[in-house]
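Q: Here's the letter readout for the chains.
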Amino acid sequence: MASYFIRRILWIIPLLLVVSLITFGLMHLVPGGPWDREKALAPAVVDNLNRKYNLDRPLWEQYGLFVWNASHGDLGISYSSQDKNVAEIIMRGFPITATLGLVALAFALIVGLGLGLVSALRQNSWLDYLSLFFATVGASTPNFVVAMVMIIVFSVGLHLLKTGGWGSPDQVIMPAIALGLTPAAFLARITRASVLETLSQDYIRTARAKGLSERLVLTRHIVKNALIPIVTVLGPMAAYLVTGSFIIENVFSIPGIGRIFVQGIGGRDYALIMGAVLFYALIVALANLAVDLIYGVLDPRIRYS
Amino acid sequence: MTRRSRRLLSFLTCLLLPALLLSACAPAASGPGGASGDLDANQEYRANIDGDPPSLDPNASAWDPSIAVISLVFKGLLRFKDDLTLDAAVAKEVPTISNGGISADGKTYTIKLRNDVKWSDGKVVTAKDFEYSVKRLLDPKLAAAYASFYYGIAGAEAYNSALGTKSAPKSPDAATMASLRDAVGVKAVDDTTLKFTLADPSSSFPSLLALHPVVPVRQDVIEAKGDTWASDPASYVGNGPYKMTEYVSKDHITLVPNDNYFGNKPKLKKITLFMVENITANYAAFQNGERDISRVPPASVPQVMQDPNLKEQVVRVPRLATFAMQFNNKIAPFDNPKVRQAFSMAFDRQTYIDKVRNGVGRPAVSWIPPGMPGYQADLGKQWDFNPSKAKQLIADAGYPDGKGLPPISFQYANAGANPQTAQYAQAQFKDNLGVDIKLEPMEAAEFTKLVGSKKYQVAMAGWTADYPDPDNWLPETFGSNGGSNYTQYSNPKLDDLMKKAAVEQDPKKRLDLWAEAQKMVVEDLPMVFLFNDERFVLVKSYVKGLKTTAIDTQALTGNHFMDQVYLLKH
Chain A
0 MASYFIRRIL
10 WIIPLLLVVS
20 LITFGLMHLV
30 PGGPWDREKA
40 LAPAVVDNLN
50 RKYNLDRPLW
60 EQYGLFVWNA
70 SHGDLGISYS
80 SQDKNVAEII
90 MRGFPITATL
100 GLVALAFALI
110 VGLGLGLVSA
120 LRQNSWLDYL
130 SLFFATVGAS
140 TPNFVVAMVM
150 IIVFSVGLHL
160 LKTGGWGSPD
170 QVIMPAIALG
180 LTPAAFLARI
190 TRASVLETLS
200 QDYIRTARAK
210 GLSERLVLTR
220 HIVKNALIPI
230 VTVLGPMAAY
240 LVTGSFIIEN
250 VFSIPGIGRI
260 FVQGIGGRDY
270 ALIMGAVLFY
280 ALIVALANLA
290 VDLIYGVLDP
300 RIRYS
Chain B
0 MTRRSRRLLS
10 FLTCLLLPAL
20 LLSACAPAAS
30 GPGGASGDLD
40 ANQEYRANID
50 GDPPSLDPNA
60 SAWDPSIAVI
70 SLVFKGLLRF
80 KDDLTLDAAV
90 AKEVPTISNG
100 GISADGKTYT
110 IKLRNDVKWS
120 DGKVVTAKDF
130 EYSVKRLLDP
140 KLAAAYASFY
150 YGIAGAEAYN
160 SALGTKSAPK
170 SPDAATMASL
180 RDAVGVKAVD
190 DTTLKFTLAD
200 PSSSFPSLLA
210 LHPVVPVRQD
220 VIEAKGDTWA
230 SDPASYVGNG
240 PYKMTEYVSK
250 DHITLVPNDN
260 YFGNKPKLKK
270 ITLFMVENIT
280 ANYAAFQNGE
290 RDISRVPPAS
300 VPQVMQDPNL
310 KEQVVRVPRL
320 ATFAMQFNNK
330 IAPFDNPKVR
340 QAFSMAFDRQ
350 TYIDKVRNGV
360 GRPAVSWIPP
370 GMPGYQADLG
380 KQWDFNPSKA
390 KQLIADAGYP
400 DGKGLPPISF
410 QYANAGANPQ
420 TAQYAQAQFK
430 DNLGVDIKLE
440 PMEAAEFTKL
450 VGSKKYQVAM
460 AGWTADYPDP
470 DNWLPETFGS
480 NGGSNYTQYS
490 NPKLDDLMKK
500 AAVEQDPKKR
510 LDLWAEAQKM
520 VVEDLPMVFL
530 FNDERFVLVK
540 SYVKGLKTTA
550 IDTQALTGNH
560 FMDQVYLLKH
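Chains as they are written, first to last, in numbering that gives the first Met the number 0: chain A, 0 to 304; chain B, 0 to 569.
No lab work stands behind these hints: they were computed from the structure.
Check each hint, because a few of them may be wrong.
In the DSSO-like style, the derived pairs of lysine-lysine whose C-alpha atoms are separated by at most 30 Å in a straight line are [to be verified]: (1) B/Lys453 with A/Lys38; (2) B/Lys117 with B/Lys546; (3) B/Lys127 with B/Lys106; (4) B/Lys453 with B/Lys492; (5) B/Lys508 with A/Lys38; (6) B/Lys402 with B/Lys390; (7) A/Lys51 with B/Lys134; (8) A/Lys38 with B/Lys492; (9) B/Lys269 with A/Lys83.
Simulated DEER-style distance windows between Cβ atoms [to be verified]: (10) B/Glu245 with A/Arg6: 44 to 50 Å; (11) A/Arg36 with B/Asp400: 36 to 42 Å; (12) A/Met26 with B/Asp115: 49 to 55 Å; (13) A/Val144 with B/Lys127: 52 to 58 Å; (14) A/Leu58 with B/Gln375: 45 to 51 Å; (15) B/Lys492 with A/Met90: 54 to 60 Å; (16) A/Pro235 with B/Lys454: 38 to 44 Å; (17) A/Leu58 with B/Thr95: 49 to 55 Å; (18) A/Arg36 with B/Gln349: 29 to 35 Å; (19) A/Arg36 with B/Ala233: 31 to 37 Å.
So, partial list: chain A residues that the calculated Cβ filter (under 7 Å) puts toward chain B [to be verified]: (20) Pro30; (21) Asp35; (22) Val44; (23) Lys51; (24) Arg267.
Predicted, not measured: the structure shown is a model, and the values here were computed from it.
Don't be surprised by glycine CBs; every beta carbon is placed ideally from N, CA and C.
Produce the entire structure from the sequences given, and follow the hints as far as they go.
A: Right under this line is the structure:
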């Protein structure tokens, strides 16, 4: 198990290299550069800027420089934030985005798993249809609509909460709900399907026939087995939540890293794009590893060597 | 960059806002009994500067939120009055030929400084601080965007391009670099005398001395701290009315009065500048009492105008900004002036302002906006909306009823209100000319690249003043070698005229020359001028003393006179 874990961790390095190469290539293929402005900058100024950020070197040299610096922890300086380096931007913003993401994940898990479980156990009851309604609405409502509606109701209307910002616990509530609503809806549906599938298994019938109480059947057999497909989804979902949403961080003005990817691309901020993509790739890789390890815990048939 | 994605999101949320806000009109937004005459005890002003400034370093900054903060923390040699004429700030007086500040040939500026201007840490501001600032701005290693504005100074361009280009790099040694830097025409003769030497006389040079890139900066602080001096409040030393005490990236900046400020002591005790990128969210914050001033999302303008409380709080300020449709004058059919004229006369500008922009802005038929010297109110009327004449013109051009025209593509950046403007234009040209144009929304950076490569046919264009002088409006855009001349319009007579105007020292003669130049441009009509923009903000009724000018930053209204703002009890 330990050697499996180490092998997986080591595989991340070539993964990141490949991702960085593809991103670097795509980035420079896209038309437009970081210094294109409607009011054109003077040619000498553009030359100075390109030289300052090593953009006047041949592409292969730029890539090589990037890999060399990145392996030493230096991801370069963001063009849109001229005195802050990319590593600093990510390290400063990630805890904030991750906190928000984890709270949203907790919300999604509690609401989604709870609703899904209840609707599966009470299949075809009014509770089931209510949860189906919630799941459909939750999955199809764009999260910025949810965000704006909450701001209008709770801030502008009731003056209960601040419209945005970060720092105090009450500022997590609205963004976490807005971010977690759609994942909660998905989880509810997946949980319901998975629990129903588990319920129809022979071993559940056996457990009941043996005389086990419903509670024991639930906790000892249903939950553990139903969780496997859910955990599959949870990996990418956690990675998505923890790396932030551009829209939520924009609407609630949260100083995290959710916006850096989109803003980096819009501004052709090559350093920021590379840093952001590599960071996301790392998070996704780690999340998938965590999921695979959890499988091992949940399903004794799965053993890694 | 942030602006583009921000504008995209604003556009998305603006679609939603009217319906949602209508259901949540909060009469509590403007509290009871606002202006009672007593001063508020806290004197804390909360505004939004639209995002995290990319840099707060005056020499290196180019973006609007940066300029807003810099204008509170620093004061330069000169500044603009609210009528946009120049006034002295750190300088004793505005240099003119008559007071000896400008030499007779217009190439030497000798500026006397006040001796009572202090930095926030108590040290005295000297001419050396200005000399260092200008030289630092021009340092090629800093790669400042505004460096080219000051190429009029002798030796400036040579120093700024000392390291060469990508295809022809140069590597001068330290001694050469030092001598190039020394050769730049700015010198601190003594502590209170600063001398500029220009390569050629330039009548707009005084305006440049009022801009942010040449405010004084502290050499000792910058050399000790390095390039991050501007993001740390402890080292962000300025000579303006306020000083920065807190900078939380992507969140807010806190400013308090600078006790050593040489001018009027500010009445405010604290300014908090938030960095909300979403204009709708910031407007919601204003309604929730978290802000004292806010821009209004365009879609909410009608609702504001209909609400008696909110209407009282509206402040409308003209912006020195003109928007147009630019044509590629070298590609058919827009190489034919009659076609361009027909398009100009087929666009109903007033209805566009009323219906698409909800009344914010003013129709424009010329380039230089109202509020600026050089504005000509009666210019361009011959190209104003006149559908019957438009039809006649397009027929004269050889395309009766728009038939026979090659396919026309209208390209624009898919952000902000551009899509609506483009759709309106498409409808206008169909209705009034019978012409079908194809709309091509593009990603913002890609659009800029396309226009820059001059491969487009017709595209949106806009220009905002860097400083209020026709020198900033005509040569760049309409000069044959203008850096932002994307229409490829070229008129040698105009180039000569603009050269003459740029060096003319007599103010009246200069304005006459610029007027003639603009007339030439409007007659040739390389672009169809559409409208001038306007600032539409809500200010709480307890905010007093807010003085707005047409040269205010978009990010912070009234930034040039923030020392006069105070709050009543509320």
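Q: Now tell me if each hint is right for this structure.
A: Going down the list of hints, with the structure as the test:
no.: 1; hint: B/Lys453 with A/Lys38; result: holds (14 Å)
no.: 2; hint: B/Lys117 with B/Lys546; result: holds (25 Å)
no.: 3; hint: B/Lys127 with B/Lys106; result: holds (20 Å)
no.: 4; hint: B/Lys453 with B/Lys492; result: holds (23 Å)
no.: 5; hint: B/Lys508 with A/Lys38; result: holds (28 Å)
no.: 6; hint: B/Lys402 with B/Lys390; result: holds (11 Å)
no.: 7; hint: A/Lys51 with B/Lys134; result: holds (17 Å)
no.: 8; hint: A/Lys38 with B/Lys492; result: holds (24 Å)
no.: 9; hint: B/Lys269 with A/Lys83; result: holds (26 Å)
no.: 10; hint: B/Glu245 with A/Arg6: 44 to 50 Å; result: holds (47 Å)
no.: 11; hint: A/Arg36 with B/Asp400: 36 to 42 Å; result: holds (39 Å)
no.: 12; hint: A/Met26 with B/Asp115: 49 to 55 Å; result: holds (52 Å)
no.: 13; hint: A/Val144 with B/Lys127: 52 to 58 Å; result: holds (57 Å)
no.: 14; hint: A/Leu58 with B/Gln375: 45 to 51 Å; result: holds (50 Å)
no.: 15; hint: B/Lys492 with A/Met90: 54 to 60 Å; result: holds (59 Å)
no.: 16; hint: A/Pro235 with B/Lys454: 38 to 44 Å; result: holds (41 Å)
no.: 17; hint: A/Leu58 with B/Thr95: 49 to 55 Å; result: holds (53 Å)
no.: 18; hint: A/Arg36 with B/Gln349: 29 to 35 Å; result: holds (31 Å)
no.: 19; hint: A/Arg36 with B/Ala233: 31 to 37 Å; result: holds (33 Å)
no.: 20; hint: Pro30; result: holds (5 Å)
no.: 21; hint: Asp35; result: holds (4 Å)
no.: 22; hint: Val44; result: holds (5 Å)
no.: 23; hint: Lys51; result: holds (4 Å)
no.: 24; hint: Arg267; result: holds (6 Å)
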